[in-house]
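S.K.: With chain P's structure known, arrange chains C and E on it following the hints.
Line by line, the protein sequences give chains P, C and E.
Numbering follows numbering that gives the first Met the number 0, with no gaps: position 58 of the first sequence is 57.
Numbering follows numbering that gives the first Met the number 0, with no gaps: position 199 of the second sequence is 198.
Numbering follows numbering that gives the first Met the number 0, with no gaps: position 100 of the third sequence is 99.
By construction, these hints were calculated from the structure, which means they are not laboratory data.
There may be inaccurate statements among the hints.
[What the hints assert, rightly or not] Some chain P residues close to chain E (C-beta under 7 Å, calculated; not the full set):
(1) VAL56
(2) VAL58
(3) THR79
(4) ARG82
(5) ARG83
(6) MET87
(7) LEU96
Just so it is clear, the structure is predicted and the values come from calculations on it, not from any experiment.
Glycine included, C-beta positions come from ideal geometry on N, C-alpha and C.
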Amino acid sequence: MSLLSLRDVRVQFNTAGGVVRAVNGVSLDLAVGETLGLVGESGCGKSTLGKAIMKLVPVAGGEIVVEGVDIAPLNREQLTEMRRKVQMIFQDPYGSLNPRSTVGRSVAQPLVLAGWKADATAERVETLLRWVGLPSDAKQRYPHEFSGGQRQRIGIARALALSPKLIICDEPVSALDVSVRAQVINLLEDLKSQFGVSYLFISHDLSVVEHIADRVAVMYLGMLFEIGGRDQIWKSPQHPYTKALLAAAPIANPKLARARQRTVLQGELPSPLNPPPGCPFNSRCPMAQDRCRVEKPVLRPVSNGAQAACHFV
Amino acid sequence: MGGSALPLEITDLRTTLFTRRGEMKAVDGLSLTVGAGETVALVGESGCGKSLSALSIMRLLPDPPARIVGGQVKLNGRDIVPLPEETMLGIRGKEIGMIFQDPLSSLNPVATVEKQIVEVLMTHTELGRGQARVRAHELLELVGMPDAARRLDAYPHQLSGGMCQRVIIAMAIACSPSVLIADEPTTALDVTVQAQVLALLKKLQADAGMAMIFITHDLGVVAETADRVVVMYAGRKVEEASVDELFESPLHPYTVGLIGATPTPGAARAERLADIPGMVPPLNALPQGCAFAPRCKRVMDRCLTEKPNLTVPGAGRLVACFAAEGG
Amino acid sequence: MQRFEFPRFEFVGRFARNRGALVGACLILVVALMAIFASVFFPTDPLRIVGLPELWPGEDPEFPLGTDSLGRDILSMIVHGARATLLIGLFASAVATIIGVGVGAIAGYFGGWVDEVSMRAAELFQTIPNLIFVLTIVVILGSTLTNIVIAIGIVSWTPIARMTRAEFLSLRDREFVQACRSMGMSDFRIIVSEILPNALPPVIVLSSLVVAGAILFESAVSFLGLGDPNVASWGRLVGDGRQLIRSSWYICAIPGIAIMITVLCLNLVGDGLNDALNPKLRDR
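Just chain P, same shape as in the assembly (with noise of 0.2 Å):
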């Protein structure tokens, strides 16, 4: 049994120029212990996707599983019993923290919504600074008195609290200084072999998905184009998208930068108010043809062992 399965899942917004479907039918599963990085452009309904596991938008379609159990018929209680499976870590340190909550409050929310008793909680807080990396003394204090990878420190204690077996990691380190970032990835990194958590890891950054991931989902406009292992897709990525956006990722070695033949993807994003017919990327997609401009394609096993959405691959 995988820990989180999606089948089908649409998230819809009605928006003064219409209805914007942010996710269009995403399916997709995943296993204990395992790290999936999800990227794509923005716009491309990734974090609308992590907010919908979370129940924080309106899903309009489609299942999602954890566990097991579906959580759309979910009463409140029930809900909150899942909640402890799985948490979620935000992407702007300076947003995520209550700036009038001490440290030590932020943090023991969760703990206090389960109705953890004061001096257990008190204890758990101490634990759960510790295994992030921060003083004790951290819990009297304000968010203000923090750097921004110290917010996320604490960000992550805070989805830590409960032992959850998932956590949602929403763009956690693209505010982040460079030095900053691999000590946040370094400590998801421990805290996943120490914990055996798993995380849905959102990010638009190709290079610090391929450091942290086991597997890799590619989105397009609400649509999921290609998923599969991170070596796969990075060695012979299928989907004329994937390849376009691995040929962008800019790669922090002057040699290699130099030595790969570059085609740029022309064009931009196509507004999500309204995609173009069939499938989204065919306006910019270098093997368009006449059917990908009628018939959307579906996720289906590809030649490198992944599953790609295309009719050409």
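M.R.: Just chains C and E now, with coordinates in the frame of chain P:
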């Protein structure tokens, strides 16, 4: 103005922030030269002084609290630090152009693209309105704006981030400046659009032989664009080298740390990233000796009391570190 | 790790940096002390006739501010009146703040039709001229202190509601609120214990200004003779001196000046609070 002068020659530039919490040396003795057709990347983490260096060169510092307190910025042989603001108005946009990080907020939201480009052209050149409009169209074509003729009448909010950045680039190069400063020009853009903009900047630079200062925190972008790299930490230059040498044999422990902390796609997967412990010290609480000493793996007694000066470990290289000096 | 000053001291420091606010706060403190210790200074009933009528200020050293048309001590009446005036201001502001914050918080947090309805209601209140609205309520319900306080509260809540709503709108999508929602925290708890403390600073500033407004409203109501006859507020003193305004104008002027100074000081304090609580001005 001698014909042999370099487009940009900065000597011992010092910029200080005068705040309630004391004086902070945001840029502390930066020296830098950029030749025609050359791209120098200014790399560092937030607060290292790279953006304030750029604003100092443009004489666009927010005053108060920031002020240039010393040094020279020679643009085509002329020191622009003592020039009055009126003279700078004629220089900015003409001899030196700048591209900012956030493309949407650097454009005037209530003027069309055409009007904004035409304004730049009419301020700095002899072109009449009609000629300027023709030139604006040419410029948009030049920066690869899709459907350029139609976009002339668009307002910034009708354009995507990548298109706005193209408009900014068109305005920056409108008068063929000899120096272009790009401050994190692709940080706000998506990966595929970033690749487009980087390719565009490279091409424009090669065609016009511009000197370019490229400010970024992303070592991947550095590797893709720069000829030479200057690494800054806490307001000071700690290392300078050609891009190949820097990535192949970094000398300063901070540079080593930055490169180790950046995952390289396609490279063999390391178990852990080499992180740098601690964090960048605030400018008002810099340690007495080397600013990097508290985080440095090769720290020595000397580093705690004395600031290392730049030394020349090899041809075309500079490093400010006692440990690197000693071998 | 960076060390910062303890936030509360920082707050006092920023407030004190604004000279006007400091002077205002000191004067308000004097008025408040006057109100609290009124019966210590002047143990006798201020409405008792104690001397000759219409003594000008300075004419008799026993009555430094003179006496009114009935021969009552004006200084005693001012000191005792401070109590009524301040209480009316504070309570009316409290009523306005409670209504305003409640409506604004719910409208801003839930949005949608709840927001629509609340804001239309607020507009309705704003279209009616405030003074006329207060007078109408007082006339209908009767001239008691409670009714006046409620009436002023009802006309003063709308700006507070709008301010609170705007703060909630910007805060409700912040990630720390999402974090709370993702933990399954109830809406009520999120509103009260998470968002409200962050939304309060500008609301406090506005509330301090509403105190000033309320004092003016009460003065106007009393001046027009619709005040509570059992309470000697400053507004009533002005009203009482109305008939003699051409000969003994000081009877009106002295309480008038007291009102003016207090309202001015409250506004200065409001500005100071704004500077101290507004993070945009920090570090400048």
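S.K.: A closest beta-carbon separation below 7 Å is what the hint needs, so does ARG83 of chain P meet it against chain E?
M.R.: violated (9 Å)
S.K.: Restraint: MET87 of chain P near chain E, CB-CB cut 7 Å. Satisfied or not?
M.R.: holds (5 Å)
S.K.: Tell me if VAL56 of chain P is really an interface residue toward chain E, meaning its C-beta lies closer than 7 Å to one of theirs.
M.R.: violated (10 Å)
S.K.: The hint names ARG82 of chain P as touching chain E; please verify it with the least Cβ-Cβ distance against 7 Å.
M.R.: At 5 Å from the nearest chain E Cβ, ARG82 of chain P passes the 7 Å test, so the hint holds.
S.K.: Taking 7 Å as the limit, does the beta-carbon of THR79 of chain P come near enough to a beta-carbon in chain E?
M.R.: holds (5 Å)
S.K.: For the restraint on LEU96 of chain P, tell me whether the closest CB of chain E is nearer than 7 Å.
M.R.: holds (5 Å)
S.K.: A closest beta-carbon separation below 7 Å is what the hint needs, so does VAL58 of chain P meet it against chain E?
M.R.: Hint violated; VAL58 of chain P Cβ to chain E Cβ min 14 Å, cut 7 Å.
Comparing the model with each numbered hint stated earlier shows that hints 1, 2 and 5 do not hold.
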